[in-house]
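Just so you know, the sequences run in chain order A and B. For the first sequence, my numbering assigns the number 176 to the initial residue and increments by one for each residue that follows. For the second sequence, my numbering assigns the number 176 to the initial residue and increments by one for each residue that follows.
No wet-lab data here; the hints were simulated from the structure. As the structure is a computational prediction, the values presented were derived from the model and not from experiment. Certain hints may be false.
Any copy will do: because identical chains look the same in the list, a pair fits if it lies in one copy or spans two.
[Unchecked claim] Straight-line alpha carbon distances no greater than 20 Å define the calculated SDA-like cross-link-like pairs of lysine to any residue that follow: (1) 258 with 287; (2) 258 with 236; (3) 258 with 282; (4) 259 with 273; (5) 259 with 193; (6) 259 with 203; (7) 296 with 268; (8) 259 with 284; (9) 258 with 308.
Number of protein chains: 2
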Amino acid sequence: MDHLNVNIGGVSRTLPTVRTGNLGRVPLVEFVGDSEFTNAVAQEMLALIPEGTEVLLTVVTNALPLTHELSDRSGLPYVCVRKKRRTYMQNPLIQDVPSMTLGVAETLWLDGPHAARLHGKRVTVVQDVVASGGTALALTRFIERAGGTLEGYVAAFKQGQTTLPVRYLQELPRSL
Amino acid sequence: MDHLNVNIGGVSRTLPTVRTGNLGRVPLVEFVGDSEFTNAVAQEMLALIPEGTEVLLTVVTNALPLTHELSDRSGLPYVCVRKKRRTYMQNPLIQDVPSMTLGVAETLWLDGPHAARLHGKRVTVVQDVVASGGTALALTRFIERAGGTLEGYVAAFKQGQTTLPVRYLQELPRSL
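This is chain A alone, in the form it adopts within the complex (with noise of 0.2 Å):
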């Protein structure tokens, strides 16, 4: 199959499939360059916040507007960890993650200022796609690392056999 039809909060897409390191073929999601359907998602995932969430945390790219999004329409503040160094970062917190759909390893950064931020609160990890978990546990050793409190996860799509109790909106083939 080269495409998957989804529809969430009355937005349609049809997602095209790609093949990705040693996962088959996997349907695409892009919520970069769609404003539409990522403010469609971010409404729909709302309601899968925590009650006692104080503050989201994502990782970039694919997260970033959605996350954006779900911060503004739920008034809680967010904190995106980064897959580079920034020169202009002070004291960052580094973690690697092992990426199943890149089929390498990725470092993780996050700025000292935004771990910060995540100091003494309730924190919600966001994601666009869960797959395996190890981005999310990445996420929550930075949440742990920073003092903050893991609160839950939450994800628009899950594509897998994560064992995390993610909450999402759809589930999504694993191969196709």
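On the provided structure of chain A, position chain B as indicated by the hints.
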């Protein structure tokens, strides 16, 4: 000076200054992780968008949530250039850009299906900060190569002496 105060659309932020490449200390503008400031800036930037614009074009990462919001508020679609090749890209356009702030050349990638959205369209380039104009010119080349027409340049901030006709909200000091 180790900070700079800005106020846009009624939202105030104290920007820290950071040492970068060969520019000395410059104010750090962060839209990533700040939906309130992003929204205020996007609202003010609406008036800067040239009337004939059909599509917005930007580049990751800091300008991404800003352009998402600008797309949402203007009703114009947007396309986002990436700084990494992703495995799923099909026939991407590739363009090098010298980055003054990072002090190294960067390679920009535009996925083929996204480039197709620029074809035959009048496109306005959206940036968070325009400094030398190098990134703006690289984005212009993408528009030309994709078969679109440049309509104009808009940015939240201008910092430096670009000769490009950029419409912006505020000027930042080049060095502090």
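Cross-check of the supplied hints:
1. Taking the shortest alpha-carbon separations for residue 258 and residue 287, only the intra-copy value of 15 Å comes in at or below 20 Å, while the best inter-copy value is 23 Å.
2. For a Cα distance limit of 20 Å, the shortest separation of residue 258 from residue 236 qualifies both inside one copy, at 9 Å, and across copies, at 10 Å.
3. Taking CA atoms no more than 20 Å apart as the test, residue 258 paired with residue 282 passes in both settings, with 6 Å inside one copy and 16 Å between copies.
4. In the homo-oligomer, the alpha carbons of residue 259 and residue 273 lie at most 20 Å apart both inside one protomer (15 Å) and across protomers (17 Å), since each shortest distance falls under that limit.
5. For the identical chains of this complex, residue 259 and residue 193 are inter-copy neighbours only, at 17 Å across copies versus 25 Å inside a copy, given an alpha-carbon limit of 20 Å.
6. Taking identical chains as interchangeable, the C-alpha atoms of residue 259 and residue 203 lie at most 20 Å apart only when they sit on different chains, with a minimum of 17 Å there against 23 Å within one chain.
7. In this assembly of identical chains, the alpha carbons of residue 296 and residue 268 lie at most 20 Å apart only when taken from the same copy (17 Å versus 42 Å across copies).
8. In this assembly of identical chains, residue 259 and residue 284 lie within 20 Å of each other by CA distance both inside one copy and across copies; the values are 6 Å within and 16 Å between.
9. In this assembly of identical chains, residue 258 and residue 308 lie within 20 Å of each other by CA distance solely inside one copy; the values are 17 Å within and 25 Å between copies.
Of the hints listed earlier, there is not a single one the structure fails to meet.
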